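Colleague: Chain by chain, the residues run as shown.
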Amino acid sequence: MKKYLSILLSLVICAACATVFAGCGSGGYEGEINVYNWGEYVADGSEDYEDTVELFEKEYNIKVNYTTFETNEELYNILSSSNSAYDVIFPSDYMVEKLIAEDLVQKLDYSKIPNYDKIIDRFKNMQYDPKSEYTVPYSWNVTGLVYNKTMTDKKPDSWESLWDKDLEGSILQFNNSRDAYAIAMQLCKINPSTFTKAEVDKATKKLKEQRPLLKKYVMDQVFAEMENNQAAIAPYYAGDIYTMMTNNKDLVGVLPKDGSNLFVDNMCIPKNAQNVDGAHKFIDFMTSPEMSAANMNYITYASPVKGAEKFLDEDLKNSELVYPPDEYLDKCYTFHNIDDETYTYMQEQFVKVMS
Amino acid sequence: MRLKRPSIPYIAWMLVFTLVPIVLILYYSFTDRSGQLSLEAFSKAFGYTDVFLRSLWIAFISTLICLVLAYPVAYFMSRQKKSVQNFLTMLIMIPMWMNFLLRIYAWVTLLQNNGPIDTMLSFLGIHTQLLGNQNAVILGMVYEYLPFMVLPLYTVMSKIDFRLIEAASDLGANRIGVMRKVVFPLSIPGIISGITMVLVPSASTFLVAQYLGGTNDIMIGDVIDKIFWSDNHTGSAIALVLMAAIFIFLIILNLFGDEEAIAE
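These protein sequence lines are chains A and B, in that order.
Just so we're aligned: 73 in the working numbering is position 73 of the first sequence, and the numbers increase by one with no gaps anywhere.
Just so we're aligned: 1257 in the working numbering is position 257 of the second sequence, and the numbers increase by one with no gaps anywhere.
These aren't lab readings, by the way, just hints derived from the structure by calculation.
Bear in mind that the values here come from a model prediction, so they are computed numbers and not experimental data.
We put the CB at the ideal spot given by N, CA and C, even for glycine.
Be careful, since some hints might not be right.
Computed list of chain A residues with no C-beta within reach of chain B, every gap over 10 Å [stated by the list, open to error]:
{"no.": "1", "residue": "Trp38"}
{"no.": "2", "residue": "Tyr110"}
{"no.": "3", "residue": "Pro130"}
{"no.": "4", "residue": "Lys306"}
{"no.": "5", "residue": "Asp340"}
Where chain B lies over chain A, by a calculated footprint (3+ residues, C-beta under 8 Å) [to be verified]:
{"no.": "6", "region": "221-229"}
{"no.": "7", "region": "344-354"}
Put together the whole structure using the sequences plus the hints.
Modeller: As structure tokens, this is what we get:
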């Protein structure tokens, strides 16, 4: 009996494998593209959200192999040191600059991306791609502050609040050198867009002053820390602060009066892409107001597409945090690419501060 | 020849996934950015000596606690009926079916302010910060690696011939004497492999300290992780020093084991 059962089971397993492999084959698709995006960065069909990737597959009959990365540096390492063939990637501003400089991305054919006309002018011809040859913006956002109003009587409105001795032990800081240094540099009156080693040293000093006051250096942990009332104040990306605020009503998000980092994540096509035509179709599809809004409703970052507001959630659209007024954006800066040596130096100094 | 052929896949695996990476780490440690032979990476690596020593210390304490906790458990298990033994082994294994990171998340939830344990303690009038210190990190490590101590100990102890224990008792040894003179010496191989299996991964572990510790508890694994963002050379050098330290410790441990065995 046992023997038959095991034979039966192995047959079932074989059948299952066969179906899976059949699914992996072309399966009636006319082509496929490899998309490499940030984790949790596209509406995935959960809850009431659209599944924008699936909608694309249906519309164009192109299969999407979707994989994710966590940092711009990870994306860079994969692109520069392996011969993996991605068709669409999502680098941030300063990484675009580096990828263009190192000839890792190709020029786009904007005639195949009619939706590009709908991009808001502010996000065209950005300094990292001055003539708009390589990029289509996907999303943008600023860094902001979030604090728990039950844990402080003050109304923090500047990065300086992250150095507030009264909040000792319940302050969080970015566990990411570029973002942490940007805050410290702003307070030291250094422009975080681009800087020298000497300027890194000044900011390092500032970060060292902050360390004894900190609870922790965090990235994704910030959600648990803030939402469960474990920390009083943290810097993070405004779109994510918006999410935290919906999960904990005691949290307040503010745009620091000092100004902050405006960052833009873009869609690009790597040099060694296999399906350039499919990649253009994908980029155009995601730039339509409906799809951009669907994705931004899910990730709660800001859409660079005109007309997307018609499809955005009411609360999100009206949030000053996610869509800061133009006057505020004028106070913001974007990151430039930093040469390897200075970048490595900053990273090294950051690890020293932390350890 | 016949014996060797089946081992070919294993040898190939070792070559590709163990030897080649080690050679790469060696290469990176002894070169600089331009590919020139250089000891710069090591001089930078020694800038993290305090983190390094702290990690070894945390690993050492965790291993010791694991050993103290696991030894009686393993002995108890090995003295049960076969069916009970299997059941107990499974109980030890079950937590390991769940992802390592999820278990650490669970501890964060348990230990956080106003979490279940904190609430319970405040009822008893004890107000303390449970998370964000070295004790929390050690707790997490012990929790993660305890099964790796219990299982090798149990395996070795269950092979101890019960008649030896009976004989010792017949010849007048009391229970402590039996433990000291019979069970302990025979279980030394289990102790050594248990220590190896706990100490090695816990010294190089990362994320546990980031989740359970505070700003002062960062471990060398976390430093290696961060350094590799921008500098493979220093990262490799630190990893190599860590490997060497563990390797030397294991050699000493094994020498000690052999001597014990010879003395018997």
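Colleague: Each of the hints needs a verdict: does it hold here or not?
Modeller: So, going through the hints one by one against the coordinates:
Every C-beta of chain B lies more than 10 Å from that of Trp38 of chain A, the closest at about 16 Å, which supports listing it as non-interface. Every Cβ of chain B is farther than 10 Å from the Cβ of Tyr110 of chain A; the closest lies at roughly 34 Å, confirming the non-interface assignment. With a minimum CB-CB distance of about 27 Å to chain B, Pro130 of chain A clears the 10 Å threshold, and the non-interface call stands. Against the 10 Å criterion, Lys306 of chain A stays outside the reach of chain B, whose nearest CB is about 37 Å from its own CB.
At roughly 8 Å, the least C-beta separation between Asp340 of chain A and chain B is not larger than 10 Å, which violates its mark as non-interface. With a cut-off of 8 Å between beta carbons, the region 221-229 of chain A has 4 residues touching chain B; three or more are needed, and the interface restraint holds. For a cut-off of 8 Å, the count of residues in the region 344-354 of chain A with a CB near a CB of chain B stands at 7, and the three-residue condition holds.
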